[in-house]
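Given these sequences and hints, build the entire structure.
What follows is the residue order along each chain.
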Amino acid sequence: MQEFIAFCRQLDFDPLLISLKTGIWATVFSFFLGIFAACKIVRAPTKLRVFLDAILTLPMVLPPTAAGFFLLLLFSRKRLFGAVLYERFGILAVQTWLGCVLAATVISFPLMYKNAKAAFEQVDENIVYAARTLGIPEWKIFFKIIVPSAKPGILSGTVLTFARALGEYGATSMLAGNIAGKTGTVSQKIAVALQSGDYAEAGFWACAVLIFALVCMIGINLFGEINRPFRNKQ
Amino acid sequence: MLEVRIKKSVGQFCLDCEFLVENEVFALLGASGSGKSMTLKCIAGIETPDYGRIAVDGHVLFDSERKINVAPQKRRIGYLFEDYALFPHMTVRQNIMSGMGKRPDVNTFKQYISRFFLQGLEEAYPRQLSGGQKQRAAMARMLAAEPDVLLLDEPFSALDSHLSWQIEQQTRAVLEEWRKPTVFVSHSRDEVFRLCERAACIHQGKIEEIASVRELFLHPATKTAAVLTGCKNIAEAYRLDSSHISAPEWGVTLLVPVTAISVSAVGIRSHHLKPEGSGENYFPVHTYHILEDAFEWNLSFRTKEDGAWIQWSVSKTEWSPAEGVPEGFWVSQGDILLFGE
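Protein chains in written order, with the working numbering: chain L, 1 to 234; chain C, 1 to 341.
Hints should not be assumed to be uniformly reliable.
Below are the EDC-like pairs computed for lysine to aspartate or glutamate, each with C-alpha atoms no more than 16 Å apart in a straight line [unchecked claim]:
hint, chain 1, residue 1, chain 2, residue 2
1, L, Lys144, L, Asp124
2, C, Lys41, L, Glu125
3, C, Lys74, L, Glu138
4, C, Lys102, L, Glu138
Since the hints were derived computationally from the structure, they do not count as laboratory data.
The structure presented is a predicted model; accordingly, all values stated were derived computationally and were not measured.
Written as structure tokens, this is what we have:
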């Protein structure tokens, strides 16, 4: 025990802070963007829906390194879009913490979007129609009726999004790189520690991530169980 | 008064109907998939018709020519859904108050609670209510929003039959007090007969007949109306002379009133056959089989080997198979229904 405490004392906790900060911001962006995209897509005409859904889900099925490569192409200061962003607005995503957030957002977005969409689709449409005939305005229908009905799906989507954003590696390493104290996230720390033969440090971080992921999943399942009588129509 | 004249195509299906509803309960009677619910959704503004006009007391809700399409929120139309569509995450109180505007009046709310026998259930969630309580909560929510028109979409079909009778009586009392245009959709002819003053028969998206309920059940003018009002025996027929028709599927010639002009089909209600008689309008029994209902016997017979089956229904108090199967049946010419093209 003494040894473990001593080990923790000498450990650099920067990667944890960077990962948490990145995860929280990416989750915030994905949360709003995912819900917005999901509620627009559910109402879109069929052809458009099929096409847009494929595009929005792409970051989930694409290898993260490939996604990172495309992000790098887009945001590089040497390319048009990246150059305009940097020169006009001073925004730089390559090799910066902003790049971490951007990569994590892009990769975790489909999880939020997919879960929110599934949750919206299973909301009984008669409930929405009834709300309209009762004179309830559309924005209120969305926030007071659709979102609460879709709450379990949205919540599990948020947790999965956060977990995914927290552990993002591939796209982050391509876009933001691994700059210690700046863009060095936990997942990148594990890779670096392993490469330099520091099994203790790699092991510590890997176990921390494992426990965190497990807690998240058990939390989602518990929430699902608590809400079961709500979902089952008697 | 509710005026409806709408046309809407969805794939192969084409809805085309026109009717007026005074301060009365007006039924849309039709088989499933005939366009009843679609019509209600168009009136409520949930679906948009391709052409036509919908107005309440002269106030236009939809007019394709003048490009008017009032949002469902502004139409003041109450809609009772088959599954009641109560908001599952809201209590009875929140459900009823949801349509009462920004500052719901507590006294008005209490009136609805007592009027619909919901005392003590104010804080209950829909999942904790019985079928009948859900129906009453949905009625209260609908009326609390103070609509100008009511649309009732199969309001009793989700209830057990013994409960449905009780709820029907309560609904009937509420509607009698309310007296504004009400459209009642059902496939149950008995409910329509008990609750409505006039009815429209809708078949494949088209209204074939509008008449008072009594008239519709006694003298349906179309085959659709006859089937929907429960006429079990319908056959093709053609006129022989001014007072006779032939129904080849049944193998009989029938003496009929002289009035009808052209005849393409004939109908006889299963209760109107009498197990007696001979001569004119007589159906000799060739083969038969018997089906037992809870309170009725249903005897199907035909008059010849390849003939169509004809059904006779009789109360168990009046006849039983032990008395022996009649040799033939007779029908009064006044009970014969004739249909044109």
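Hint check:
no. : hint                : in the structure
1   : Lys144/L - Asp124/L : holds (14 Å)
2   : Lys41/C - Glu125/L  : holds (12 Å)
3   : Lys74/C - Glu138/L  : holds (12 Å)
4   : Lys102/C - Glu138/L : holds (15 Å)
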